[in-house]
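Student: Okay, here's what each chain looks like letter by letter:
2 protein chains.
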Amino acid sequence: MLDQRLLPARIEYVRYDSAAAVAAGIKTMVVRGAPAIGCAAAYGVALEALRLRDQPRDAFLAGLTHGIAALAASRPTAVNLFWALDRMRARLDTLSLRALPVAEIADALLAEAHAITVEDVQLNRAMGTLGAALLPHNARVLTHCNAGSLATAGHGTALGVIRSAVEAGKRIHVYADETRPFLQGARLTAWELMQDNIPVTLIADNAAGLLMRQGSIDAVIVGADRVAANGDVANKIGTYSVAVLARRHGIPFYVAAPLSTVDINTASGDDIPIEERAAAEVTGYGDTQWAPAGVGVRNPVFDVTPAELVTALITERGVVCAPDAAKIAALVAVRALESRS
Amino acid sequence: MLDQRLLPARIEYVRYDSAAAVAAGIKTMVVRGAPAIGCAAAYGVALEALRLRDQPRDAFLAGLTHGIAALAASRPTAVNLFWALDRMRARLDTLSLRALPVAEIADALLAEAHAITVEDVQLNRAMGTLGAALLPHNARVLTHCNAGSLATAGHGTALGVIRSAVEAGKRIHVYADETRPFLQGARLTAWELMQDNIPVTLIADNAAGLLMRQGSIDAVIVGADRVAANGDVANKIGTYSVAVLARRHGIPFYVAAPLSTVDINTASGDDIPIEERAAAEVTGYGDTQWAPAGVGVRNPVFDVTPAELVTALITERGVVCAPDAAKIAALVAVRALESRS
Chain B
1025 MLDQRLLPAR
1035 IEYVRYDSAA
1045 AVAAGIKTMV
1055 VRGAPAIGCA
1065 AAYGVALEAL
1075 RLRDQPRDAF
1085 LAGLTHGIAA
1095 LAASRPTAVN
1105 LFWALDRMRA
1115 RLDTLSLRAL
1125 PVAEIADALL
1135 AEAHAITVED
1145 VQLNRAMGTL
1155 GAALLPHNAR
1165 VLTHCNAGSL
1175 ATAGHGTALG
1185 VIRSAVEAGK
1195 RIHVYADETR
1205 PFLQGARLTA
1215 WELMQDNIPV
1225 TLIADNAAGL
1235 LMRQGSIDAV
1245 IVGADRVAAN
1255 GDVANKIGTY
1265 SVAVLARRHG
1275 IPFYVAAPLS
1285 TVDINTASGD
1295 DIPIEERAAA
1305 EVTGYGDTQW
1315 APAGVGVRNP
1325 VFDVTPAELV
1335 TALITERGVV
1345 CAPDAAKIAA
1355 LVAVRALESR
1365 S
Chain V
1025 MLDQRLLPAR
1035 IEYVRYDSAA
1045 AVAAGIKTMV
1055 VRGAPAIGCA
1065 AAYGVALEAL
1075 RLRDQPRDAF
1085 LAGLTHGIAA
1095 LAASRPTAVN
1105 LFWALDRMRA
1115 RLDTLSLRAL
1125 PVAEIADALL
1135 AEAHAITVED
1145 VQLNRAMGTL
1155 GAALLPHNAR
1165 VLTHCNAGSL
1175 ATAGHGTALG
1185 VIRSAVEAGK
1195 RIHVYADETR
1205 PFLQGARLTA
1215 WELMQDNIPV
1225 TLIADNAAGL
1235 LMRQGSIDAV
1245 IVGADRVAAN
1255 GDVANKIGTY
1265 SVAVLARRHG
1275 IPFYVAAPLS
1285 TVDINTASGD
1295 DIPIEERAAA
1305 EVTGYGDTQW
1315 APAGVGVRNP
1325 VFDVTPAELV
1335 TALITERGVV
1345 CAPDAAKIAA
1355 LVAVRALESR
1365 S
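In order, the protein sequences belong to chains B and V.
Residues 1025 to 1365, numbered by the working numbering, are exactly what the first sequence covers, in order.
Residues 1025 to 1365, numbered by the working numbering, are exactly what the second sequence covers, in order.
One should not assume that every hint holds.
[As the list claims (entries may be wrong)] Cβ pair distances, simulated, as ranges:
1) V:LEU1030 to B:GLY1320: 54 to 64 Å
2) V:GLY1239 to B:GLY1318: 19 to 29 Å
3) V:ASN1221 to B:ASN1162: 47 to 57 Å
4) B:LEU1030 to V:LEU1030: 53 to 63 Å
5) V:GLU1299 to B:GLY1318: 26 to 36 Å
No lab work stands behind these hints: they were computed from the structure.
Backbone N, C-alpha and C fix where the C-beta goes; we use that ideal spot for every residue, glycine too.
Generate the whole structure from the sequences, applying the supplied hints.
Tutor: So this is what it looks like as structure tokens:
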């Protein structure tokens, strides 16, 4: 995995060969971004299967169960993690676990992880094509955190929509919130967009309100870590502030997320667990610490934006304007119908 | 001057002996905070006078004029700077510039700078006593940037109100926004409050909305760099976001500022110049740079909160609820009446 903690200063890859190691990589944010975490978890299961492919069948299956549990315990908020693990478990369930050679089970799990990854790029492309229409030519678009290639298997969710708009010939100028405390905007979004020659201006999170008040922002687009059944959106801490400001200024607020991010089993945003991380992320950055030693800290790293502030949810199955429980239920029901047929 | 750029890691003082050097200290933020900048500018004029006290009268007066101009050009937004320079000029105007020995003019200017500084502490004490009544016992109070002892000659404006409430026996828990990009909250507010044993929890600016939504904030109090005639408030970048969030959650939003911060000659917030500072403040902090080299940046360091979002303006002459042009004009007119009598 590309170690995203070191970007953009250094491009270094970390090798993994077990579910426990991948779980540690997710927990320590070597990889982050809801869809990317899902792909990483799927590969974590596959790597565990490959690691145990020479073990007796019972040890192999027990090890897999243990590895899946370790991955599920890595981070609590992004639902794609659980979605990907459920899908890997479902793939296991279709196999003849008592008859098929262990090595073939492992190969099937690896193929499933590959499929999840390939599909993620396809879904992002679809979201991009469907969502790009929402961004006018010459739009100045604010984004928060990183919902780009680095947060997915490729193309990106929020940045995927921007990329698709640019590919369609529109000129888009992106304003990237730096996104304290982990600085995904400053380090990852700015870097990604510069690689693609998409104009980007970096701002402190605190500057978003002023820019909106000055009329410098035409639209906001972000990704999501979990969308509840009623359309409430959990995303990187600070997303809620941006949504409240956008509403005050009549600026559309878009959320781009595949249906794997929609958690129909979570009724509302109030039911989404919000991860709190270490104080050291807030008292400084990396080895540089600037706050007084011993200061009390709260570091919730996600917040919830209520559905009423979301202008539209951009999914691979179309744009849902003013998302609510009925619209989301309809979308999920049609998907279920189709997957049965 | 205490070098606030090094706090809380190091306590170092810088010595100044000319207006130009003090102007450079203000510009590079050795000292910051609107009232503290006012005091520093007054001392800058006095130091220039002391430096030139052995010069011929014409060189002395020309040098003073030059020094005042350098100080006035140091930073654009905080009006206390211009207020203090106006007051030093007014003191000069009362002196017999053609007759009084140059050394005595210098002594009079030094005395005026001392007076401004002593008065600032008195005004902060008065604001504290008047404003403390607004904070309930056990209040959880969010503040942004640093409006404390370090931003004034002592006691503080926003933190002065909190200190006075604590002195009055109330238990107050402060949540301090870290205040990117210059981190005045993380470095200065957290440090000041810890010195005084006032409980403080540091948060990323992005977390304010979540805490409000969770019901963890009872009031917001901030200082100001300039209050326009209609009650609009220029303050540290990000203040506007906090005010918008507070309004959404029905949380009172208080601004503590002496009348020297009220600029009756600026009609509204739209007329307040907003300083933009170097990109390096946003691309990293100090020697640590984390954004990709060459990224475009905007770094406005103040924003404007419209008067309609201000629950009350706390001044040394009393609390102005729902400030507007008429109330501010009345307050300023009474002060003018009294100073004539």
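Student: None of the hints should be skipped; say for each whether it holds.
Tutor: Hint-by-hint comparison with the structure:
Between LEU1030 of chain V and GLY1320 of chain B the Cβ separation comes to about 23 Å, which falls outside the hinted range of 54 to 64 Å. Between GLY1239 of chain V and GLY1318 of chain B, the C-beta spacing of about 27 Å keeps the proposed range 19 to 29 Å intact. Checked against the given bound of 47 to 57 Å, the beta carbons of ASN1221 of chain V and ASN1162 of chain B, roughly 54 Å apart, stay inside it. For LEU1030 of chain B and LEU1030 of chain V, the Cβ-Cβ distance of about 28 Å falls outside the hinted range of 53 to 63 Å, so the restraint is violated.
At roughly 33 Å, the beta carbons of GLU1299 of chain V and GLY1318 of chain B sit within the given window of 26 to 36 Å.
In summary, the numbered hints that this structure violates are 1, 4.
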